[in-house]
Structure formats: structure tokens, C-alpha cells
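Chemist: With chain V fixed as given, assemble chains U, S and W onto it according to the hints.
There are 4 protein chains.
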Amino acid sequence: MSELTKNIVWDDVKHDPNAVKVLDHGFVVLKETMGSDSTIAESARVSYGAGTKTISDDRNLIRYLMRHHHTSPFEMAEARFLVKVPVFIWRQWIRHRTANVNELSGRYSELPEEYYVPDEWRAQSVTNKQGGEEPMFYESKNVEEAAFDEYRNRLNEGVSRELARTCLPVSHYTLAYWKCDIHNIMHFLKLRLHSHAQHEIQLYARTIYTLLKDRFPLTVEAFEDYVLNCESFSRMELHLLKEMLKQSKMTIFTEARAEDMGMSRREYVEFSNKISKIFNFNK
Amino acid sequence: MSELTKNIVWDDVKHDPNAVKVLDHGFVVLKETMGSDSTIAESARVSYGAGTKTISDDRNLIRYLMRHHHTSPFEMAEARFLVKVPVFIWRQWIRHRTANVNELSGRYSELPEEYYVPDEWRAQSVTNKQGGEEPMFYESKNVEEAAFDEYRNRLNEGVSRELARTCLPVSHYTLAYWKCDIHNIMHFLKLRLHSHAQHEIQLYARTIYTLLKDRFPLTVEAFEDYVLNCESFSRMELHLLKEMLKQSKMTIFTEARAEDMGMSRREYVEFSNKISKIFNFNK
Amino acid sequence: MSELTKNIVWDDVKHDPNAVKVLDHGFVVLKETMGSDSTIAESARVSYGAGTKTISDDRNLIRYLMRHHHTSPFEMAEARFLVKVPVFIWRQWIRHRTANVNELSGRYSELPEEYYVPDEWRAQSVTNKQGGEEPMFYESKNVEEAAFDEYRNRLNEGVSRELARTCLPVSHYTLAYWKCDIHNIMHFLKLRLHSHAQHEIQLYARTIYTLLKDRFPLTVEAFEDYVLNCESFSRMELHLLKEMLKQSKMTIFTEARAEDMGMSRREYVEFSNKISKIFNFNK
Amino acid sequence: MSELTKNIVWDDVKHDPNAVKVLDHGFVVLKETMGSDSTIAESARVSYGAGTKTISDDRNLIRYLMRHHHTSPFEMAEARFLVKVPVFIWRQWIRHRTANVNELSGRYSELPEEYYVPDEWRAQSVTNKQGGEEPMFYESKNVEEAAFDEYRNRLNEGVSRELARTCLPVSHYTLAYWKCDIHNIMHFLKLRLHSHAQHEIQLYARTIYTLLKDRFPLTVEAFEDYVLNCESFSRMELHLLKEMLKQSKMTIFTEARAEDMGMSRREYVEFSNKISKIFNFNK
Numbered sequence: 007m008s009e010l011t012k013n014i015v016w017d018d019v020k021h022d023p024n025a026v027k028v029l030d031h032g033f034v035v036l037k038e039t040m041g042s043d044s045t046i047a048e049s050a051r052v053s054y055g056a057g058t059k060t061i062s063d064d065r066n067l068i069r070y071l072m073r074h075h076h077t078s079p080f081e082m083a084e085a086r087f088l089v090k091v092p093v094f095i096w097r098q099w100i101r102h103r104t105a106n107v108n109e110l111s112g113r114y115s116e117l118p119e120e121y122y123v124p125d126e127w128r129a130q131s132v133t134n135k136q137g138g139e140e141p142m143f144y145e146s147k148n149v150e151e152a153a154f155d156e157y158r159n160r161l162n163e164g165v166s167r168e169l170a171r172t173c174l175p176v177s178h179y180t181l182a183y184w185k186c187d188i189h190n191i192m193h194f195l196k197l198r199l200h201s202h203a204q205h206e207i208q209l210y211a212r213t214i215y216t217l218l219k220d221r222f223p224l225t226v227e228a229f230e231d232y233v234l235n236c237e238s239f240s241r242m243e244l245h246l247l248k249e250m251l252k253q254s255k256m257t258i259f260t261e262a263r264a265e266d267m268g269m270s271r272r273e274y275v276e277f278s279n280k281i282s283k284i285f286n287f288n289k
Numbered sequence: 007m008s009e010l011t012k013n014i015v016w017d018d019v020k021h022d023p024n025a026v027k028v029l030d031h032g033f034v035v036l037k038e039t040m041g042s043d044s045t046i047a048e049s050a051r052v053s054y055g056a057g058t059k060t061i062s063d064d065r066n067l068i069r070y071l072m073r074h075h076h077t078s079p080f081e082m083a084e085a086r087f088l089v090k091v092p093v094f095i096w097r098q099w100i101r102h103r104t105a106n107v108n109e110l111s112g113r114y115s116e117l118p119e120e121y122y123v124p125d126e127w128r129a130q131s132v133t134n135k136q137g138g139e140e141p142m143f144y145e146s147k148n149v150e151e152a153a154f155d156e157y158r159n160r161l162n163e164g165v166s167r168e169l170a171r172t173c174l175p176v177s178h179y180t181l182a183y184w185k186c187d188i189h190n191i192m193h194f195l196k197l198r199l200h201s202h203a204q205h206e207i208q209l210y211a212r213t214i215y216t217l218l219k220d221r222f223p224l225t226v227e228a229f230e231d232y233v234l235n236c237e238s239f240s241r242m243e244l245h246l247l248k249e250m251l252k253q254s255k256m257t258i259f260t261e262a263r264a265e266d267m268g269m270s271r272r273e274y275v276e277f278s279n280k281i282s283k284i285f286n287f288n289k
Numbered sequence: 007m008s009e010l011t012k013n014i015v016w017d018d019v020k021h022d023p024n025a026v027k028v029l030d031h032g033f034v035v036l037k038e039t040m041g042s043d044s045t046i047a048e049s050a051r052v053s054y055g056a057g058t059k060t061i062s063d064d065r066n067l068i069r070y071l072m073r074h075h076h077t078s079p080f081e082m083a084e085a086r087f088l089v090k091v092p093v094f095i096w097r098q099w100i101r102h103r104t105a106n107v108n109e110l111s112g113r114y115s116e117l118p119e120e121y122y123v124p125d126e127w128r129a130q131s132v133t134n135k136q137g138g139e140e141p142m143f144y145e146s147k148n149v150e151e152a153a154f155d156e157y158r159n160r161l162n163e164g165v166s167r168e169l170a171r172t173c174l175p176v177s178h179y180t181l182a183y184w185k186c187d188i189h190n191i192m193h194f195l196k197l198r199l200h201s202h203a204q205h206e207i208q209l210y211a212r213t214i215y216t217l218l219k220d221r222f223p224l225t226v227e228a229f230e231d232y233v234l235n236c237e238s239f240s241r242m243e244l245h246l247l248k249e250m251l252k253q254s255k256m257t258i259f260t261e262a263r264a265e266d267m268g269m270s271r272r273e274y275v276e277f278s279n280k281i282s283k284i285f286n287f288n289k
Numbered sequence: 007m008s009e010l011t012k013n014i015v016w017d018d019v020k021h022d023p024n025a026v027k028v029l030d031h032g033f034v035v036l037k038e039t040m041g042s043d044s045t046i047a048e049s050a051r052v053s054y055g056a057g058t059k060t061i062s063d064d065r066n067l068i069r070y071l072m073r074h075h076h077t078s079p080f081e082m083a084e085a086r087f088l089v090k091v092p093v094f095i096w097r098q099w100i101r102h103r104t105a106n107v108n109e110l111s112g113r114y115s116e117l118p119e120e121y122y123v124p125d126e127w128r129a130q131s132v133t134n135k136q137g138g139e140e141p142m143f144y145e146s147k148n149v150e151e152a153a154f155d156e157y158r159n160r161l162n163e164g165v166s167r168e169l170a171r172t173c174l175p176v177s178h179y180t181l182a183y184w185k186c187d188i189h190n191i192m193h194f195l196k197l198r199l200h201s202h203a204q205h206e207i208q209l210y211a212r213t214i215y216t217l218l219k220d221r222f223p224l225t226v227e228a229f230e231d232y233v234l235n236c237e238s239f240s241r242m243e244l245h246l247l248k249e250m251l252k253q254s255k256m257t258i259f260t261e262a263r264a265e266d267m268g269m270s271r272r273e274y275v276e277f278s279n280k281i282s283k284i285f286n287f288n289k
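Residue numbers (our numbering), protein chains in the order written: chain V, 7 to 289; chain U, 7 to 289; chain S, 7 to 289; chain W, 7 to 289.
The shape of chain V in the complex, shown without the other chains:
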């Protein structure tokens, strides 16, 4: 590859000690963050004023914000990543529009022969139309090598980079800076950690999740409790729940039991209200 068309960042990052490996050739590097759990709490305090004095500490305030979908304070912190990722995954990633992106361009740089090959093939799921599930044996024929050979041949013959690359497989790696506020990263994580997301993007999401938790521990803890591991019930489902619960003895619920689970007094009241609402459902 000509020195002139090599991508500088691609080479520089190869030995970055902060790069967390994902897939066969991919990685995620957390380059920088702005703000912290405290920034988020401080931002909420300008809106809610002394009302937040009763929610005295940052942890309680952050949990309150997360529980009640007061999302704007979580936009006040940011994280910037450098990611290397196969194009077919990047195409899913980029659908999250509220983010800032600078991606390597195959019009400027020659693309190195790096492409993703699954170390385990997954069979098409019958029930889940979008996904693959069980591992299966498949002896793949390598067609990628021929594609890269043709690519290099085109370049050698003087074909423009922008046309030469058209034969490359969607499994080839690309490199991008991705910057996003914490609210929108959590939205990304909610969708991409989901079991229906493609396995490969789940692995990237998992990595970002771990890196984020390290910097924003209170926020990510609240995210786990109120978003990631929550469950929503539709109007009709709430009716079914009501019928199921009718047979249950509400009396078993003491506030103490809720406290054991780590719920605040305020949360317990909110829960009781939800249950009462279910019982008062009539339609």
C-alpha cells in the first residue's frame, strides 16, 4: 500500500493500550468524556431548584430523574469513542442520528484487507425473523480474498479509489470517531443490548456499556434498574395482571420488604400507586 494513501489513524491506533478488542479485528477506544454523575445532578438542580433539596444526594436525584424520564440532564455529559467495526454493523450503528461522526473515507484512503469472518456461524431462527440463533457448522468459501485482489488490481491499474472499492464485501472494517451524549448512548445501549439486536452489535454495545459504567457509575446503575431491566405492560396486559393479582394478598407487602430490595420510601409509594391504579382499572 502506498504511503500516500494509507490511513494515518488506522495505523496509529493499532497498538493503543486502551483499545478494547471486539470481534476478530475490531475495537472500541474511549477517547474522552465530558462531565460526570455530578454534572448530571447539578444540571437537574438548575431546573428543579430547591425541590431537589429533598432529594439530597446525587445518587437519589439521578435515580429519580431516570425513573421519571427526565432525560435532559443526561444530555449534559458526553463521551467520544474511536471504533473499528465491520461496515454491515456500522450501517446499523449510524441509524442513531443524534450523534457526531467522522468516518474513514474509502475515497481518500486505501482500505486494508481486514474483514470480519464469524468464528461461529449461526442458523436462521424460525421464530425470530430477524435473527440467527443456534451455532451450526458451515464451511464458508472465502470470496473476500478475491474481492480484495480485484480491489488492489483496480488501484494498480489507476482506477479511482471511489470506484475501486465497490467490489469490497460489507464485512470489511471501517474506522470512525463516534461522539454522543449520555442520554443518547443509553438509548443506543437499550436497543443494541437487546437480545433481538444482531449478536455482533451486541458485543460492541456491551463494550461501550462497560466503559461507560466505569465513568458514570450512578447513572448506569440507575439505567440498569429503571430502563434496561424494566418491563412495560400494555393496557390489556395490565388487565390480565389485575386478574392475577386479585388472588394475591396485598397485605404481604410491607414497606420493609421494598426496603430490602433497595427501594426508597418514595419509590415504594410510587409502586403502591401503580398497583392501586391496576386495581382501579375498569374497561
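Calculated from the structure, these hints are not laboratory results. Take the hints with a grain of salt, since some may be wrong.
Identical chains share a label here; the pair holds if one copy fits it or two copies do between them.
As the list claims (entries may be wrong) - With a straight-line cut-off of 25 Å between C-alpha atoms, the simulated SDA-like cross-links for lysine to any residue are:
no.	residue 1	residue 2
1	K283	R221
2	K248	S131
3	K252	H74
4	K12	R158
5	K27	K37
6	K248	S238
7	K12	S78
8	K219	L197
9	K196	T77
10	K219	N148
11	K252	L195
12	K219	L29
13	K283	H193
14	K12	S44
15	K20	E163
16	K196	E140
17	K283	L199
18	K20	L217
19	K27	Q208
20	K37	R221
21	K252	V233
22	K219	L161
23	K12	T104
24	K252	L234
25	K12	H31
26	K27	S201
27	K20	D63
28	K248	I284
Modeler: Leaving out everything else, chains U, S and W in the frame of chain V:
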């Protein structure tokens, strides 16, 4: 008021038969929509392809999309409104950033003496820090009139409109076109129909909701069942639910019961899975 | 291809009489627009009030808005397209974030063997690092066919669609609904009609431009005069211009001359002011 | 004012040494930035690869990006401000949608009696419909005090904060965190430093501009040269320029002259191309 500085649209719209009155001087006019329930279903079909054949009709497909937070097809339809609203309410409205707005400017037009006076005063709630609740008697002193007098005096003396208006109360009415895709209108409705939203913006939201339902009946029906009237339970709440449900006899649930509630077979399976998940929870 | 995994829209659209062909297998269909030149003018009138009475007709008002970067009225109209486009072009397209998108998913549908092959190869430009320029002879080796063979083989063996597709070339076609307001479509056009944009996306932009002009003639005319064919000069360039113009006789400029060019009186004054500003530049 | 409804941040920030005063009671505090000129250059390098090697240093690269509207690298840096600003100005500010905001809420906090009174009144401009121009004498009647008296009376009588505040003037101060990427801050500055923007928001823009320049000197320098102090000429204006330039002797332009102005060789070529384009204009 000088003919030269009157706002044309303000006067024109006064007798619009499509204007739905809100508050003492406000209104909402639905000017135009693009797309329909069918557009939304059609948009989903390009993504999900033959997978949506099994979800044969538009209603089922739309309900599936809403239930599973596949939001992008709902962005494929739009609605454009003309609204007249007090400034303190408009300031809440405008916080929804994914919308297009053209608002009357007090730098160009002279502002007519129209301001909101509640026909019933609400006392400060003690439990709900952001809201007012119970009606109360309060004999308000009119300070708005003096503000408008001073405003007009400034104009008469030649003060620029941009400075003259600074003394006007935040209750004065403004006028704006507001255009938004259906997904984001539903997000607006979810937040502004909420009982914790200020009463006045709830009234506007209610009006928009009714107008929208007329044009997008299937979408709004699904929105009611899966968003507006749904309830989310946190990780801890799901534990409490589990304990309550333990005492219940699951056997009462026949699919027939779910069908009575208008749930599809697919939804019933999803519900069963949620309940199983709750039972398999071990912190 | 199995009936179950065929994409419905892909087949339906094949014989759409409104599809404008682009490249070997691509097209653009204008599905729907909301609003018109009049909507844009009407939206401006709510903001600028009687101030726009002096700009009496829609054409003049639209030209004024375009000239002075009053962009929000142009957001009040929308257009929705169905496009079929090679993935490497779509990746450039999707970088415009202020748009709504529903794209075919290779996780749900089997991808037909349709990929872009240039009918003329372009050599790498030496001066323009991002582009190709002169046509050249190149005998391309077909590596795409082998990739699609491998793809189908994977599917036949039961590999999940989401993994099977990874070997397909970035030249394979995808299908998407793309909806965007007129302001942002013009921004897209400005960048993608530019001679430095890749030739293939220029062709799509050209098609959208023609379709848009048919529906929004006044807006597109103003876009041509004030955006597409305008030229910006930097601080330093204005100094150079000043020196060049110093030798020129300003007197040749009569308002009549400007009128011949189709400029309004107001525009002529604006131009004179720009020239005066240049002459009064002192670093 | 009750301790319970005081806004914490409002009081805390009063003596912040970093607060830059604007107007009678307002200020801007730069709380935090993420990234630097180097971050911006580094982000461009991932896209343009070795192509940027010829643009060796950060300054040249940043100037190139600014000149050619390659805006995405400028989105890779952020700044977060705390601002105190009158409501009528904030209403203009908030129209910039690509930003993150947390504003004080009058539903939670009691609003202190602080409102903007111009130290000099401006007369309505006749030529510029939106603005005020010449200073004038005007003896303003204070109607704001009565509004605040009524406000406090309402609160004392138990009226909810959300209704009590409706009589307050739009000149009353609000407090907000405002976070924005550098590209969008520059867009804000371009519009709000403009002589047609309201004088008061120009003062805020000026303050932000100064704070930004301190942290991103190369970026702001390029912004000045290629955006703030540039001038655009329409299709018709370019024709007029052509006629003016026809009489000029192009020969006066040596590259050396351009170099004196601080232009790079590359820029000089670009300028020559623009001039040639003007001369080849025919329509």
C-alpha cells in the same frame, strides 16, 4: 394599531372555522397532514419485507410496531398546526426540539392586547412540587393592562418594538406554525398529556390528540394501548410483583381470556414470556 | 428465492411508472410532498407579519428568505421519496441526519442479485484526492457473482440471513424511503450536486433536484440564484477583490443594469452595500 | 422568599469569579469544554486519511475544513455554559435546536425580582423592520415592580407557582445550562453576532465568542476569516462583479500579493479559480 405593523396571520385566522378553541383566547388549527396509517404500514414493509406478510393487515402491523418500539415508520407521516398559545406555555412546548417552527416575532409585528387569565386559580400542591391542584378563590389584581398601556406608550413615543415589548407579561399570546412527524407528536403527547404537565398545556395536548386521532385512527389506538396506558415496572418492582404473583394461580390464564381483551395470539405469547421472565428473576 | 423472504416493496416498485431510473438498477420515486411554495411564504408571514406586506408576492418573499438565510419557512414543506441505491452511495446519503428513513433490512429479506457496475471506469484524479475524473479502460473481473453464489449457498445451508449477507459487495442495491423537509433537501443538494461529490451520488441528487423543481418552482429558482450558483469570498479574498475593483469604474453600474439581470431594487441596494463594504475594508 | 423554593444554583453562582457580566443582571460562565483544536484536526484525519498529510499542521487543516464546509470535525468538540438571560432573549436563543438545555423552572422555584431594563432606549428603525437603532430618550414607567408585587401576593395567598408567574414580564431573568458542539456554536455566533440580531443577544454572542476563542484559537481564527467576515455573491451579483472586473487588469495579481494577505498557495489557486469562473459566466 398601525396597519403596517399588524400581524396578517393573526387577523386572518380569527374566524377560521377549523380553529379549535383552547383557553380564553388560544386555539389549535390542523392545517395539513402528510401520509396516513397506510403510509406508516407501507414504510415498515420496506424494512421488514416479507416478514410482515404474516402480519397481514395494517392494524396488526401498526400495533406490532408500536409494541416493539419500532419508531421509524411513525416518522414517515407529518402534521402541521397553527397554534395560538400564551408565551409561558409555548416555552414548555418549544422544548421539544424535533419539530419545525415559525413563530410570530414581536420585533416585526405589534402585539395585540391578548393575554391569558385563568378562569379558576389553582392552589400550590404540597406533595407535587411542580404543580397546582385544588381550585381556590383568588382575587387577582390586573397588572397586565398597565403593562400593555406602557407597551403602547413606548411604541407611540417611537421606541423600537424589540425593546417596547420587554414589559409584556409571559401570559401574552403568541402565534406559531408547528410541524412535527407523528412519532414525535406522540412523544409530545405522552409527556404533555401526563397529569404532572401544567394543566394549560394538557388542554392543548388534548386538542392535538383528538385532531390526530381523526386522521391516524389505527396509530393513535395503538398509542393508547401500548404507550399512553401502559405501565413500566423497574427491576425491583418486578421482584415485588413476582412475590405477589407467586400466590396467584397462573392457570386461570387461558388464551381465550386474553382474546376477550382484544389481544392477538402473538401478544398473548409475549405476555406469557414476560410473566415467565418475572418468575425466573433471581435478583 | 423463497416467497417468504422476498421483499414485497422491491418487487412491487419494479414497474412503477413514476420511478426515474438512475444508474444500472437504481431509481428515485417521489411518493408524496406536503406544502408548496405558498406554504413556505405563508409560514414566513406569521413570523415577519406586516413587514412582509411590502414584499407582496410569494416569489419575492421566497427570494428574500433564501437570500438572507431565513431557513425555517423552508422546513415547513416536506417530500418523501422511495430510492433504490447501491450501499456505498447510501452510506454517503445517510450522513445527512435530519431526515427520516426506513431501509430494507437484510436480516428480514433475502437480497436479490443486483449490484452496480460502472458503465465507464474513472481514473484516480491526482489533484482531487477524493475523486475520479477521466474515463479509462479497465477490464473488471467479476467478483460479485461469486459473492452472491456464496450468499445463496449460505442461505441454502441454513445460515441466518444476518450473517449470510456479510460477503456481499458494497455495490449491492438497497431500497429505502427517505423523507426530508425542503430546507434540508436543499442542503443535501448543495453538497451532493457539488462537483467534488462522487459522480454516482451526483446523479441521484440531479434526479431529486428535477423532481423537486417541478413541485416547488419558486423555491428551487431562488435556491439556484442564491445558493447553488453563488460564490463566497473569504476576508482575504475580499481584499484582493477590492484591489481589482479599485481599477474599475463603479459608475458603469446603473440600477437599470441590475434590473436587466432580474434583480429587484432591494437586491441592488444590497449589492451596492456589499461593494461599499469591500471598499471600506481596511484589513 | 422561602428557603424551600429558592433556586440553589441561582444563589450559588452569584459570586462565581468566572461569570462574565452581560446586561444589568445577566452573565455567561464557561463551565467546561471537551476537545481542542487538535481534537478537531485529529477527527478530520480519520476521514481524509493520508490526504491530510499534505496539509501537515493543525492550523492549515482547520482552515481547509472551514473553507470547504467540512463541518463534521467541528462537531467533535463541545462547550457547556451557564447563562443568565432575560426571557425575551432566551426565546431567541432556544430556537437553535441542536443544543442541550436545562433551564430553571418557575413551577419548582420562586423567581427572584430581577428583570432587564435597558440603560439606553433605542428608536424603531424605519429601514430595518426588525430592529431598533438610534439611542433616544424615553422615560419608562416601571410596570415590572407591580407585576412582581402581584406575583408575590399570589404566592402568599397560596396560588400555585405555575399560575402565579403568568403576570411576570418577559424581561425577567432565567438561568440555564446550555451545551453545544463547536460547529453549532459557530452557527449560533454567525446569526447572533449579525448586526440585524437584537442588540442584547449580540452582547451574549460576543461574550461566548470571546470565551470560545480562548479555548479554540485556531478554529475561531478560521471562522473569522472564512465565515464571519466572508461575503457571498448571488448568481446575478457575480455577473455584475464580472462587468466591474472586466475593466480591471488581472495582472496585478501575483501570488506574492496573496501571500502578503496570509493566504496559502492552495487558497490562491482557489481564488484564481473563482475569478476565472466569474469570467466564464455566460447567462
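Chemist: Are the hints correct? Go through all of them and say.
Modeler: Now the hints, each set against the structure:
Proximity of K283 and R221 under a CA criterion of 25 Å is satisfied in neither setting, with 38 Å inside one chain copy and 30 Å between copies. Proximity of K248 and S131 under a CA criterion of 25 Å is satisfied in neither setting, with 34 Å inside one chain copy and 30 Å between copies. Within a single copy, K252 and H74 get their C-alpha atoms no closer than 27 Å, and across copies no closer than 28 Å, so neither meets the 25 Å cut-off. In the homo-oligomer, the alpha carbons of K12 and R158 lie at most 25 Å apart inside one protomer (13 Å), although the nearest pairing across protomers, at 34 Å, exceeds that limit.
For the identical chains of this complex, K27 and K37 are intra-copy neighbours only, at 15 Å inside a copy versus 34 Å across copies, given an alpha-carbon limit of 25 Å. Taking CA atoms no more than 25 Å apart as the test, K248 paired with S238 passes in both settings, with 14 Å inside one copy and 14 Å between copies. Within a single copy, K12 and S78 get their C-alpha atoms only as close as 41 Å, which misses the 25 Å cut-off; across copies the closest is 21 Å, which meets it. Taking the closest pair of Cα atoms, K219 and L197 come within 25 Å of each other only inside a single copy of the chain (17 Å); across copies the shortest separation is 28 Å, beyond that limit.
Taking the shortest Cα distances, K196 and T77 sit within 25 Å of each other both inside one copy (14 Å) and across copies (14 Å). Taking the shortest alpha-carbon separations for K219 and N148, neither the intra-copy value of 39 Å nor the inter-copy value of 47 Å comes in at or below 25 Å. In this assembly of identical chains, K252 and L195 lie within 25 Å of each other by CA distance neither inside one copy nor across copies; the values are 36 Å within and 32 Å between. With identical chains, the CA atoms of K219 and L29 are at most 25 Å apart within one copy only, with a shortest distance of 21 Å there and 42 Å across copies.
Within a single copy, K283 and H193 get their C-alpha atoms only as close as 28 Å, which misses the 25 Å cut-off; across copies the closest is 22 Å, which meets it. In the homo-oligomer, the alpha carbons of K12 and S44 lie at most 25 Å apart only across protomers (20 Å), although the nearest pairing inside one protomer, at 42 Å, exceeds that limit. In the homo-oligomer, the alpha carbons of K20 and E163 never lie at most 25 Å apart, since the shortest distance is 29 Å inside one protomer and 36 Å across protomers. Proximity of K196 to E140 under the C-alpha cut-off of 25 Å is restricted to the intra-copy arrangement: shortest distance 23 Å within a copy versus 39 Å between copies.
Taking the shortest Cα distances, K283 and L199 sit within 25 Å of each other only across copies (17 Å), while inside one copy they are farther apart (31 Å). For the identical chains of this complex, K20 and L217 are intra-copy neighbours only, at 19 Å inside a copy versus 36 Å across copies, given an alpha-carbon limit of 25 Å. Only within a single protomer do K27 and Q208 lie at most 25 Å apart by alpha-carbon distance; the minimum there is 14 Å, versus 38 Å between protomers. Proximity of K37 and R221 under a CA criterion of 25 Å is satisfied in both settings, with 12 Å inside one chain copy and 19 Å between copies.
In this assembly of identical chains, the alpha carbons of K252 and V233 lie at most 25 Å apart only when taken from different copies (24 Å versus 27 Å within one copy). For the homomeric pair K219 and L161, neither the shortest alpha-carbon distance inside one copy (44 Å) nor that between copies (39 Å) is at most 25 Å. Taking the closest pair of Cα atoms, K12 and T104 never come within 25 Å of each other, the shortest separation being 30 Å inside a single copy and 32 Å across copies. For the homomeric pair K252 and L234, the shortest alpha-carbon distance between copies (24 Å) is at most 25 Å, but the shortest distance inside one copy (28 Å) is not.
Proximity of K12 to H31 under the C-alpha cut-off of 25 Å is restricted to the intra-copy arrangement: shortest distance 17 Å within a copy versus 32 Å between copies. For a Cα distance limit of 25 Å, the shortest separation of K27 from S201 inside one copy, 21 Å, qualifies, whereas the shortest one across copies, 39 Å, does not. Taking identical chains as interchangeable, the C-alpha atoms of K20 and D63 lie at most 25 Å apart only when they sit on different chains, with a minimum of 22 Å there against 42 Å within one chain. Taking the closest pair of Cα atoms, K248 and I284 come within 25 Å of each other both inside a single copy (6 Å) and across two copies (15 Å).
In summary, the structure is inconsistent with hints 1, 2, 3, 10, 11, 15, 22, 23 from the numbered list given earlier, while agreeing with the others.
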